[in-house]
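*Asks:* Line by line, the protein sequences are chains A and B.
Going by full-length UniProt numbering, the final residue of the first sequence carries number 232, and the count climbs one at a time with no gaps.
Going by full-length UniProt numbering, the final residue of the second sequence carries number 128, and the count climbs one at a time with no gaps.
Note that these hints are calculated values from the structure, not bench results.
Hints should not be assumed to be uniformly reliable.
The list that follows gives simulated cross-link-like pairs (lysine to aspartate or glutamate, EDC-like), each with its CA atoms no further than 16 angstroms apart [as the list claims (entries may be wrong)]:
#1 A:LYS178 to A:ASP38
#2 A:LYS119 to B:GLU75
#3 A:LYS117 to B:ASP38
#4 A:LYS117 to B:GLU75
If the Cβ cut is set under 7 angstroms, some of the chain A residues that face chain B in the computed set are [as the list claims (entries may be wrong)]:
#5 ARG47
#6 GLY72
#7 GLY80
#8 ALA82
#9 PRO85
#10 GLY100
#11 VAL136
These numbers were taken from a predicted model, which means no experiment stands behind them.
C-beta atoms are modelled at their ideal positions from N, C-alpha and C, and glycine is treated no differently.
As a plain string of letters, each chain reads:
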Amino acid sequence: MADVDTQRDAVIAALDNVAERLTAEKSYLTDLDSAIGDADHGSNMQRGFSKAAEKRDEFADMDPDDIVKTIGTTLISNVGGASGPLYGGSIMFASQELDGGITAETSVAFAEAYLDKVKDRGGAQVGSKTMVDALVPAVHTYKKSIEQDDLPPLEALAKAVDAAERGVQFTTPIKALKGRASFLDWRSVGHQDPGATSTLFIMEELLATAEEYLDGDVERDARAADAVRRDE
Amino acid sequence: MIGLVVVSHSAKAAEGIADVAAQMGGGNARIVPAGGEDGGIGTSPDTIREAIEEADDGDGVVVLVDLGSAVMNTELAIEMATDVNAAIADAPILEGTLNAAVETTSKKATLQSVVERAEEAREYRKLN
Numbered sequence: 001m002a003d004v005d006t007q008r009d010a011v012i013a014a015l016d017n018v019a020e021r022l023t024a025e026k027s028y029l030t031d032l033d034s035a036i037g038d039a040d041h042g043s044n045m046q047r048g049f050s051k052a053a054e055k056r057d058e059f060a061d062m063d064p065d066d067i068v069k070t071i072g073t074t075l076i077s078n079v080g081g082a083s084g085p086l087y088g089g090s091i092m093f094a095s096q097e098l099d100g101g102i103t104a105e106t107s108v109a110f111a112e113a114y115l116d117k118v119k120d121r122g123g124a125q126v127g128s129k130t131m132v133d134a135l136v137p138a139v140h141t142y143k144k145s146i147e148q149d150d151l152p153p154l155e156a157l158a159k160a161v162d163a164a165e166r167g168v169q170f171t172t173p174i175k176a177l178k179g180r181a182s183f184l185d186w187r188s189v190g191h192q193d194p195g196a197t198s199t200l201f202i203m204e205e206l207l208a209t210a211e212e213y214l215d216g217d218v219e220r221d222a223r224a225a226d227a228v229r230r231d232e
Numbered sequence: 001m002i003g004l005v006v007v008s009h010s011a012k013a014a015e016g017i018a019d020v021a022a023q024m025g026g027g028n029a030r031i032v033p034a035g036g037e038d039g040g041i042g043t044s045p046d047t048i049r050e051a052i053e054e055a056d057d058g059d060g061v062v063v064l065v066d067l068g069s070a071v072m073n074t075e076l077a078i079e080m081a082t083d084v085n086a087a088i089a090d091a092p093i094l095e096g097t098l099n100a101a102v103e104t105t106s107k108k109a110t111l112q113s114v115v116e117r118a119e120e121a122r123e124y125r126k127l128n
């Protein structure tokens, strides 16, 4: 991607988009969490990212990796529950991969570091009915698309979002093995995982921002907005 | 002396467990409760980090946790706490804290010995 000013603008725009999206999806995420958790995922995520977005004045002179790190620390202090360390701590940890600026290469390193930290901290695997079910296919798809298939980052990200969406769908029929939901045992079956869902929403907003900054739209196999549509 | 921190989703639970364990430790144990989040149910890495720093007198701190986010937030708090040698004991929170409190008052206590005593509480049977 372009110069440091553009990268900074892109990071702030992505944060704004994520904060706005999580505000819009607050009740939906909380509804998902009320079925198998403690009914606070929507408000926690909304609060955390909105607090981070409020720091835009501080971001004016910061490098992109420092902005991402600050977003992480803000989430740690404001999200609460397990989502604080999982989302905030992992973003904070992975931000060091963006030290050299945001490129196809560093974004892959960021994604892998983020996934590693989430798995390490939470101890979840694919099939545990957590955000890992969305993250693993997304990160692996992104890495493969860039490193093996030589796709442009935007196209790689679009494929990653599709992979995340299929991961979200995969969480519904399985039994939770981690977190509060695991105490419900079989009663967790049939409910979509809130953490996988918010992960997908964040990734969709990263894609929307990337479309804006990387100049051009891309085709997606499926529109996640349709897949997770609720009754309204 | 090794310090103890009791991390629970409930501030009342953390305080109550610390009270019971303090009695077992003969009133000498250094036990700091870190419970709740913004006055509600939950755990906060900032609250836990402050408790860890408060409980440390230079010898280190053993943290007893309840479940879920208490574990993750404590791991994060330990990473954030400056210059404190701290470890989490994988133990039932009440029984583990009692065991740990007794051990900390021993002259030979180390971070490792306190963790081990706390974790021995996993073997307790309440009925035969």
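*Asks:* Tell me the hint numbers this structure goes against, listed in increasing order.
*Replies:* Structure breaks hints 3, 5, 6, 10 and 11.
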